[in-house]
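Protein chains: 2
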Amino acid sequence: MKYPKGAKPGGQNAAGIRRRKDKEVRYGSRGMTLEKDLDFANSFYLEHGRAVIHKKPTPVQIVNVDYPSRNKAKISEAYFKVPSTSDYNGLYKGKYIDFEAKETRNETRFPFINIHEHQVQHMHQCYMHGGIVFIIIKFSLYDETYLLPFEKFLPYWERFLNDGRKSIRYTDIKEDSLSLKTGINPRIDYLAAVDEFYFENGE
Amino acid sequence: MKYPKGAKPGGQNAAGIRRRKDKEVRYGSRGMTLEKDLDFANSFYLEHGRAVIHKKPTPVQIVNVDYPSRNKAKISEAYFKVPSTSDYNGLYKGKYIDFEAKETRNETRFPFINIHEHQVQHMHQCYMHGGIVFIIIKFSLYDETYLLPFEKFLPYWERFLNDGRKSIRYTDIKEDSLSLKTGINPRIDYLAAVDEFYFENGE
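Respectively, the protein sequence lines represent chains E and P.
Just so we're aligned, residue 1 is where the first sequence starts under the UniProt record's numbering, counting upward by one.
Just so we're aligned, residue 1 is where the second sequence starts under the UniProt record's numbering, counting upward by one.
Among the hints, erroneous ones may be present.
Same chains, same label: a pair holds when it works inside one copy or across any pair of copies.
In silico PhoX-like cross-links for lysine-lysine, where the CA-CA straight-line distance does not exceed 20 Å [what the hints assert, rightly or not]:
id, residue 1, residue 2
1, Lys-81, Lys-56
2, Lys-81, Lys-55
3, Lys-55, Lys-102
4, Lys-36, Lys-102
5, Lys-152, Lys-166
6, Lys-174, Lys-152
7, Lys-152, Lys-102
8, Lys-36, Lys-55
Hints are computed from structural coordinates only; laboratory data are not their basis.
Please put together the full structure from these sequences, using the hints given.
Here it is in structure tokens:
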């Protein structure tokens with residue numbers, strides 16, 4: 001195996017690698033992505049009959065399909081499409097639930113990069129029709145995850161449309177969101193926060 | 001332009017094509033697929049603020065992505081995945097709605113081909129959690145479309161699991177379903193049938 005100069009594992013001169021490891025430990029990142037945590041939580045909820053919530057497939061524009069054999073279809077040309085809805089939706093306690101999940105490595109703010117206007121419109125429509133709608137935001141350098149109810153997010157989005165401010169400050173997220181505690185099974189139990197915010201009176 | 005022998009458009013000898021045309025007229029097929037009709041209905045409902053219902057993207061397993069230029073990603077190898085949920089879901093009158101749509105050219109029965117066990121499990125879970133769940137079935141040779149509530153579909157599915165009977169008779173579909181009238185705007189107004197079956201008392 002070839003290592004870059006001075007980067008042999010366990011070697012005395014592996015400063016580059018060591019530094020990166022230290023950084024990981026310091027910021028508490030476990031190398032688990034938010035998406036995996038949410039997939040895991042959704043499987044857990046489904047198995048335990050608590051909710052039926054799925055991530056939608058990535059929207060893809062299929063241009064060309066080959067049939068190398070009779071029963072096999074191979075997509076040989078396709079492109080990613082801009083999603084027109086949010087990534088997650090489903091059913092919890094008889095209610096429609098809809099959310100988007102975003103991760104940022106930014107330390108001071110949550111930038112609106114990767115949130116498409118179509119997605120926000122979609123969430124707004126769901127909210128207006130009586131759905132439970134929110135955004136899950138992970139600050140990965142802190143390993144902190146927040147659930148921001150759509151009604152709290154909306155003023156920031158409107159400010160962006162009016163004044164062009166493309167982000168929400170970390171401190172504002174902390175103020176307006178529910179903090180998601182990190183557990184074991186599931187690691188991120190976001191429905192606990194949904195209960196707290198949307199079903200206060202134990203409905 | 002090259003035409004197959006004896007198939008010139010408008011020609012005296014275009015018997016093959018003529019016959020197909022006659023057949024189309026006789027069975028009343030308009031050449032519109034069910035999926036297009038439902039897409040149209042869903043756009044119509046969304047524009048008029050009546051419901052927020054979307055078709056999910058086709059699930060695809062992406063194996064390889066090329067970057068011919070810096071900002072362009074081309075998927076060069078991918079495969080269709082078996083869907084684990086139904087194709088359509090959303091929100092109507094504050095309720096979670098979930099359905100699958102199938103078209104058949106069969107004249108006497110609706111075969112369970114293309115309905116995956118995972119999808120039925122998913123619909124069952126949604127039903128148990130209080131969602132509005134159904135299957136839209138189109139007999140394309142008759143241009144007739146039916147909405148079969150999940151609770152009416154379930155006994156047929158259980159019969160299939162027990163006795164292996166892989167279809168529902170056309171006459172049974174007629175008996176257990178709501179017939180979807182064909183209109184203009186939208187062509188298939190399936191929410192009218194949802195109102196009739198699920199919101200009888202004008203809720």
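Here is how each hint holds up against the structure:
Taking identical chains as interchangeable, the C-alpha atoms of Lys-81 and Lys-56 lie at most 20 Å apart whether they share a chain (13 Å) or sit on different chains (13 Å). Taking the shortest Cα distances, Lys-81 and Lys-55 sit within 20 Å of each other both inside one copy (16 Å) and across copies (14 Å). Within a single copy, Lys-55 and Lys-102 get their C-alpha atoms as close as 13 Å, which meets the 20 Å cut-off; across copies the closest is 23 Å, which misses it. Taking CA atoms no more than 20 Å apart as the test, Lys-36 paired with Lys-102 passes inside one copy only; the shortest distance there is 12 Å, against 32 Å between copies.
In this assembly of identical chains, the alpha carbons of Lys-152 and Lys-166 lie at most 20 Å apart only when taken from the same copy (16 Å versus 50 Å across copies). Proximity of Lys-174 to Lys-152 under the C-alpha cut-off of 20 Å is restricted to the intra-copy arrangement: shortest distance 12 Å within a copy versus 48 Å between copies. Taking the closest pair of Cα atoms, Lys-152 and Lys-102 come within 20 Å of each other only inside a single copy of the chain (16 Å); across copies the shortest separation is 40 Å, beyond that limit. Proximity of Lys-36 and Lys-55 under a CA criterion of 20 Å is satisfied intra-copy only: 11 Å inside one chain copy versus 24 Å between copies.
Consistency note: the structure conflicts with none of the earlier hints.
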